[in-house]
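2 protein chains.
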Amino acid sequence: MDRIPILKLGSALLVTIQVDMHDRLAIALEEDLTAKIAATAAKGVLIDISALEIVDSFIGRMLDNIAAVSRVLDAETVVVGMRPAVAITLVELGLSLPGVKTALNVERGMALISRRIDADAVSRGELDDRYDE
Amino acid sequence: MDRIPILKLGSALLVTIQVDMHDRLAIALEEDLTAKIAATAAKGVLIDISALEIVDSFIGRMLDNIAAVSRVLDAETVVVGMRPAVAITLVELGLSLPGVKTALNVERGMALISRRIDADAVSRGELDDRYDE
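In order, the protein sequence lines correspond to chains X and A. With the first sequence counted from 1, adding 3 to any position gets you this note's numbering. With the second sequence counted from 1, adding 3 to any position gets you this note's numbering.
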């Protein structure tokens with residue numbers, strides 16, 4: 004396995020992490036993601052880590068990196084499906100992932116991204132007529 | 004890795020196959036999927052195989068099995084993201100997957116499942132008012 008598939012779902016991209024990440028795979032994922040954000044004008048990136056029983060500092064940094072790069076490309080990163088034990092480990096490692104939003108599952112993550120798209124549209128005045136009545 | 008994550012997306016379940024399937028993993032996936040279809044009353048199962056460069060008769064049979072079991076539970080199986088080379092290999096193996104629907108990508112697969120849900124609703128008369136005008 005040399006690539007992690009990136010699935011397009013509406014205005015968001017979905018990545019499911021299932022395999023052990025190593026350097027080359029993490030770099031390939033970051034490259035593929037940035038290319039796909041640019042190509043599809045995606046507004047959000049959902050990273051599902053429900054399959055991961057352990058998140059070490061390497062994966063923590065990778066998530067942080069992806070979130071930082073996505074933000075520069077105007078896409079929001081939402082990590083979904085984190086197990087409670089993983090959350091505890093992350094905080095113990097001193098990795099509270101400040102740049103990364105989290106949601107319980109993919110559906111809530113999608114809802115979060117949809118709300119952000121709506122908010123952006125409102126702030127640009129595109130949805131003004133929605134609130135005219 | 005002992006389990007492949009199953010993500011709920013609206014009325015459908017999404018599975019991304021990224022790792023080499025072996026007997027135990029395939030059986031676990033079938034069990035998890037049937038349990039989740041029953042628990043969520045899902046109407047469709049999307050199986051993304053865009054990461055697979057090779058689909059052998061074992062995976063072909065697994066897809067066929069999943070489709071058959073899902074059908075009994077009133078959910079439609081759509082295999083998405085199949086590479087052209089994989090399609091050629093499948094036919095050469097004599098596996099044309101008669102019980103499995105296919106779609107180019109996840110979005111089209113979702114659209115296929117949505118259309119089926121609408122068609123079911125119409126045949127039950129629930130959407131009659133849509134067509135009254």
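It is worth saying that the hints were derived from the structure and are not from the lab. Quick caveat: nothing in here was measured; it's all calculated off a predicted structure. No residue lacks a Cβ here, since even glycine has one placed at the ideal position from N, Cα and C. Watch out, some of these pointers could steer you wrong.
As the list claims (entries may be wrong) - Derived DSSO-like pairs (lysine-lysine); straight-line CA-CA distance at most 30 Å:
1. X:104 / A:104
2. A:104 / X:39
3. X:11 / A:46
4. A:104 / X:11
5. A:11 / X:11
6. X:104 / A:11
Said to hold, decoys possible - Okay, the calculated beta carbon distance ranges per label pair:
7. X:120 / A:43: 41 to 49 Å
8. X:42 / A:56: 32 to 40 Å
9. X:14 / A:5: 41 to 49 Å
For each hint, the structure was consulted:
no., hint, verdict
1, X:104 / A:104, "violated (35 Å)"
2, A:104 / X:39, "holds (26 Å)"
3, X:11 / A:46, "holds (21 Å)"
4, A:104 / X:11, "holds (19 Å)"
5, A:11 / X:11, "holds (15 Å)"
6, X:104 / A:11, "holds (19 Å)"
7, X:120 / A:43: 41 to 49 Å, "violated (26 Å)"
8, X:42 / A:56: 32 to 40 Å, "violated (22 Å)"
9, X:14 / A:5: 41 to 49 Å, "violated (33 Å)"
Consistency with the previously given hints fails for numbers 1, 7, 8 and 9, ordered from lowest to highest.
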